[in-house]
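J.: Each chain is listed here by its residues.
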Amino acid sequence: MAESTTTRDFKVIGTRPIRPDGVDKVTGRAKFGADYAFPGMLHGKVLRSPHAHAIIKSIKIDKALKLPGVKAIVTSKDLPAAENKLEQSGEMTVNPMHLSMNILAHDKVLYDGHAIAAVAATSPHIAEEALRLIEVEYEVLPPVMTVDAATKPGAPILLKDLRNNEEGDKPTNVAQHYQFKRGDIAAGFKAADYVIEREFNTAMVHQGYIEPHNAVGIYNSDGQATIYCSTQGAFDVRSLSAQVLGMPVGKIKVVPAEIGGGFGGKTTIYLEPLSVLLSKKTGAPVKLVMSRSEVLRASGPTPGSKIKVKMGATKDGKLVAAEIWMAYQAGAFPGSPVAAGALCIIAPYTIENFLIDAYDVVVNRPKTAAYRAPGTTQAAFASETVIDELAEKCGIDPIDFRIKNGVKEGAPQVLGPPFKRIGFIQTCEAIKNSEHYKSKLTGKFRGRGVASGFWFNAGMQSSATVNIHTDGTASVVTGSPDIGGSRASMAMITAEVLGLPVTDVRPITADTDSIGHTDVTAGSRVTFATGMAVYEAAKDAERQLIERAAKVWEKKPDEVEFRGGMLHAKGNGVPPMSIKQLAPRFARTGGPITGRASVNARGVGPGFATTVVDVEVDPDTGKVQLLRCTVAQDAGKAIHPSYVEGQMQGGTAQGIGWALNEEYFYDDNGTLRNSGFLDYRIPTCLDLPMIETIIVEEANPGHPLGVRGVGEVSIVPPVAAVANAIYRAVGVRMTQTPMSPPKLLKAILKHRGATQHSAAAD
Amino acid sequence: MPTVVIPALLRKFTGGVERVEVPGKSIRELVQRLGERFPGIDRQLLQDGDIRPSIAVSIDGEIATGGVLDTVGENSEVHFIPALGGGEV
Amino acid sequence: MSKKTLVEATINGETVEFLCEPRQSLLETLRDVLELTGSKEGCLTGDCGACTVLVDGRPVCSCLMLGVEAQGKNIVTVEGLAINGVLHVLQNKFLEHAALQCGICTPGFLISAKSLLDRNPKPTEHEVRYALAGNLCRCTGYDKIVKAVLDAAADIRSQGEGKAAAR
Numbered sequence: 001m002a003e004s005t006t007t008r009d010f011k012v013i014g015t016r017p018i019r020p021d022g023v024d025k026v027t028g029r030a031k032f033g034a035d036y037a038f039p040g041m042l043h044g045k046v047l048r049s050p051h052a053h054a055i056i057k058s059i060k061i062d063k064a065l066k067l068p069g070v071k072a073i074v075t076s077k078d079l080p081a082a083e084n085k086l087e088q089s090g091e092m093t094v095n096p097m098h099l100s101m102n103i104l105a106h107d108k109v110l111y112d113g114h115a116i117a118a119v120a121a122t123s124p125h126i127a128e129e130a131l132r133l134i135e136v137e138y139e140v141l142p143p144v145m146t147v148d149a150a151t152k153p154g155a156p157i158l159l160k161d162l163r164n165n166e167e168g169d170k171p172t173n174v175a176q177h178y179q180f181k182r183g184d185i186a187a188g189f190k191a192a193d194y195v196i197e198r199e200f201n202t203a204m205v206h207q208g209y210i211e212p213h214n215a216v217g218i219y220n221s222d223g224q225a226t227i228y229c230s231t232q233g234a235f236d237v238r239s240l241s242a243q244v245l246g247m248p249v250g251k252i253k254v255v256p257a258e259i260g261g262g263f264g265g266k267t268t269i270y271l272e273p274l275s276v277l278l279s280k281k282t283g284a285p286v287k288l289v290m291s292r293s294e295v296l297r298a299s300g301p302t303p304g305s306k307i308k309v310k311m312g313a314t315k316d317g318k319l320v321a322a323e324i325w326m327a328y329q330a331g332a333f334p335g336s337p338v339a340a341g342a343l344c345i346i347a348p349y350t351i352e353n354f355l356i357d358a359y360d361v362v363v364n365r366p367k368t369a370a371y372r373a374p375g376t377t378q379a380a381f382a383s384e385t386v387i388d389e390l391a392e393k394c395g396i397d398p399i400d401f402r403i404k405n406g407v408k409e410g411a412p413q414v415l416g417p418p419f420k421r422i423g424f425i426q427t428c429e430a431i432k433n434s435e436h437y438k439s440k441l442t443g444k445f446r447g448r449g450v451a452s453g454f455w456f457n458a459g460m461q462s463s464a465t466v467n468i469h470t471d472g473t474a475s476v477v478t479g480s481p482d483i484g485g486s487r488a489s490m491a492m493i494t495a496e497v498l499g500l501p502v503t504d505v506r507p508i509t510a511d512t513d514s515i516g517h518t519d520v521t522a523g524s525r526v527t528f529a530t531g532m533a534v535y536e537a538a539k540d541a542e543r544q545l546i547e548r549a550a551k552v553w554e555k556k557p558d559e560v561e562f563r564g565g566m567l568h569a570k571g572n573g574v575p576p577m578s579i580k581q582l583a584p585r586f587a588r589t590g591g592p593i594t595g596r597a598s599v600n601a602r603g604v605g606p607g608f609a610t611t612v613v614d615v616e617v618d619p620d621t622g623k624v625q626l627l628r629c630t631v632a633q634d635a636g637k638a639i640h641p642s643y644v645e646g647q648m649q650g651g652t653a654q655g656i657g658w659a660l661n662e663e664y665f666y667d668d669n670g671t672l673r674n675s676g677f678l679d680y681r682i683p684t685c686l687d688l689p690m691i692e693t694i695i696v697e698e699a700n701p702g703h704p705l706g707v708r709g710v711g712e713v714s715i716v717p718p719v720a721a722v723a724n725a726i727y728r729a730v731g732v733r734m735t736q737t738p739m740s741p742p743k744l745l746k747a748i749l750k751h752r753g754a755t756q757h758s759a760a761a762d
Numbered sequence: 001m002p003t004v005v006i007p008a009l010l011r012k013f014t015g016g017v018e019r020v021e022v023p024g025k026s027i028r029e030l031v032q033r034l035g036e037r038f039p040g041i042d043r044q045l046l047q048d049g050d051i052r053p054s055i056a057v058s059i060d061g062e063i064a065t066g067g068v069l070d071t072v073g074e075n076s077e078v079h080f081i082p083a084l085g086g087g088e089v
Numbered sequence: 001m002s003k004k005t006l007v008e009a010t011i012n013g014e015t016v017e018f019l020c021e022p023r024q025s026l027l028e029t030l031r032d033v034l035e036l037t038g039s040k041e042g043c044l045t046g047d048c049g050a051c052t053v054l055v056d057g058r059p060v061c062s063c064l065m066l067g068v069e070a071q072g073k074n075i076v077t078v079e080g081l082a083i084n085g086v087l088h089v090l091q092n093k094f095l096e097h098a099a100l101q102c103g104i105c106t107p108g109f110l111i112s113a114k115s116l117l118d119r120n121p122k123p124t125e126h127e128v129r130y131a132l133a134g135n136l137c138r139c140t141g142y143d144k145i146v147k148a149v150l151d152a153a154a155d156i157r158s159q160g161e162g163k164a165a166a167r
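Chains as they are written, first to last, in our numbering: chain E, 1 to 762; chain W, 1 to 89; chain H, 1 to 167.
Excised from the complex, chain E in its bound form (with noise of 0.2 Å):
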């Protein structure tokens, strides 16, 4: 299936071995961060807000206290002062003073769910008892719950330094505005036969992992604090709790447990302090886990949108002129991947002219974290309606209109420097050729529609280490806490260098005391820039080894050479060696060999999808049923082509819950209402169809390997190409997400009312 253009002759790379943590994970025997407990260890429980907006006049935590069982209580007074700045925190960028009114409120709070103190008590259930018995007073104040809200002249003030780089010294909820433009768009629109602009509005939706948040702290008296948690980032976790408790980062080590699922939303911290705070207070391991509702309620969801999209095109099908506005909800503190969305938006296409204006906007909702392709599944939503909608108007196959105007290698990027090899055009012409496309789609009611995505992927820091044992066997150790598989590919690299079975490379993904630093599991980094790391590990391990065998056949080094797995004296006569046949002879010859890597990694190669989908819709209720769904994907190359092929399956089947079902539903109090995996509806299997996968391989020329990240670009096209099959199953251009029974059967209701209307007229 795969369009290979990576032509090296792998061994390991490009096969489907059982993953090395497979086994744990099928037995139950896999150690998630709520499996750790010690002895004498105390649960811990967060007392939350019950209001989205108020001042916090008082907390009274006596009564609380006096219950048995209950050992300690934290609220913000225990927290250090923390500065209103923006700093840089390993790859994060991160105001410590919004970090720790997150964890804890300070004077404010500004989000139902928002943490206001945590109990440590000897059950769950004690601790639950305490927080009914902790008296907050508030003065409540009223909710801004959307963009337009905060934005209206005289709204309330969430945060009341906040201030942002166009209006001076006014308290303002707009935390940030950013600009990209390029050439005219005035001549562009001028020289445009169709235009087409409209307004899309998304909602605030969540990643879903099915693993609540969890952490142990466990702090000595020493003063040395360990941390077990699952999380995205170890290092991340121990920098940013050092920030959030002002200790050094030294004194922290953070343990990554298996880790249930992330998609961004577990970047970040919300448990890990507390768990620290509690055990020293209390000189006992304090476990803490979030519920569910409290998952949804108060960790970090991704920004419900408004954006709005007036693109131009010449009669021939040739883009010539975009301008967009958009805002995003941050939330409750700014930071909302606004920009991302910004920079991705029009990313696919060459347009000559555009001006894109996209807000920063903080709001009553919970500070928002990543979401696989941050910001950018919203963005695709509105540009690939008006891009499908242009391509209708010229009368060209929404495919082809994709390929006339699609990125190239050598084409500008919104920023203006050119791509280097990229692979969109082949993730279109994959889905042109598919067999799906390529079928007929028959039937009432049934509609097909193709969107595309664009995500910038990431690189940043990574380390590895490779160890060779005294068997010729070899472990590789890595700081990056494994998502979906990634210690696979990880064993797989270290095979395909050194020559070995698969199945002799065992995959470590170590704390933070026990490899350099690691950056976060993000970006769809993991396989590029620890695969790199990983990679110049075993290389130098290789080295070390042709050193070692020149030493036994008295040598030197450049008179052998590594080929195959086997140690080769250059010349005749001398039979080659194995890693196996050498190992015993470390020791004689310097002692044992650990190759190391440490990398901060350049030569990202971007990432596209393109997707179609096939749905049928129920014009009475408002159902959309998908019947069929195709997805292309570039990988640059594809290690472990199984788990690619799951990362584009996972994030078409969240974007298309992000279609149909998900949304933060709250009242008018600021209160959300469908706080449980019951309201909150996340695609059950019999909502899905199969996802089939075509995996596009054109090799990253910045990767030893050729590898691009899998990760995040998949969630990018399915909202707009649900909204374009939409359309063509009944005739209606969907503009706001979920396309919920209700949301689309009112649509339906008023197409249905209008085409009468000028039926009757005629």
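Treat the hints as calculated values from the structure; they're not laboratory data.
Note that the Cβ used here is the ideal one computed from N, Cα and C, for glycine as well.
Any given hint could be a false lead.
[To be verified] Straight line, CA to CA, 30 Å or less: simulated DSSO-like cross-link-like pairs of lysine-lysine: (1) E:Lys623 <-> H:Lys147; (2) H:Lys73 <-> E:Lys281; (3) E:Lys623 <-> E:Lys746; (4) E:Lys556 <-> E:Lys11.
[To be verified] A few chain W positions that, by computed beta-carbon distances, are all more than 10 Å from chain E: (5) Gly15; (6) Glu29; (7) Gly73.
For this one, chain E is given, so just place chains W and H on it according to the hints.
T.: What follows is chains W and H alone, placed relative to chain E:
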């Protein structure tokens, strides 16, 4: 001479000019020269002597990682863009 | 807080006695009292299925059942699927088909799938999807899970036919 592409919202410092040729061999030199030519723009780009955490530097189409220490070539194109890596927390 | 109750049940083929508080769910009892942490907590409201166990052969969300209700019951958790270290065919098929990514939902899926195949050794794709609709997975899009279960069913059938032929 390296070219610096001024972000749209900082073009108020350059009288609307988008592309500026600036002599220099490192990001530090480019920002310093920019500040000399367009007073105030350097303060928008720097914090505590290095590039602001909210800004990323792209040199010849690739995100650079060295802040003010990164070197630039004779014909390099440098962009200052919003930092995206890892997101803000 | 009321006193703990002594409960006797068969868990993964072994008769066990344990003490639990009346307010503790079966899930909490399994995880915190019996240290069987293979069953996972995803929601505590019976929506995600990560805590699914077999109770007298029927799939049950162990978060919705009390520990004391286990009295006299026969309970199978994910830890009881492999016999003497030999994986169940479903476990092998999940590995072969890469039917898990993060793995948090896997124990629940395996139990629900076992319950289906025990009842219906020849399910259609739709029947598999129907039987697994109470288990949420956010990583895979279900594609590889459904394929793994269908393949396991085929395997079990061919083994059955093999045994029948041998007789």
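J.: Give a verdict on every hint.
T.: So, going through the hints one by one against the coordinates:
| no. | hint | in the structure |
| --- | --- | --- |
| 1 | E:Lys623 <-> H:Lys147 | 26 Å, holds |
| 2 | H:Lys73 <-> E:Lys281 | 42 Å, violated |
| 3 | E:Lys623 <-> E:Lys746 | 11 Å, holds |
| 4 | E:Lys556 <-> E:Lys11 | 29 Å, holds |
| 5 | Gly15 | 16 Å, holds |
| 6 | Glu29 | 20 Å, holds |
| 7 | Gly73 | 13 Å, holds |
Checked against the numbered hints above, the structure violates only hint 2.
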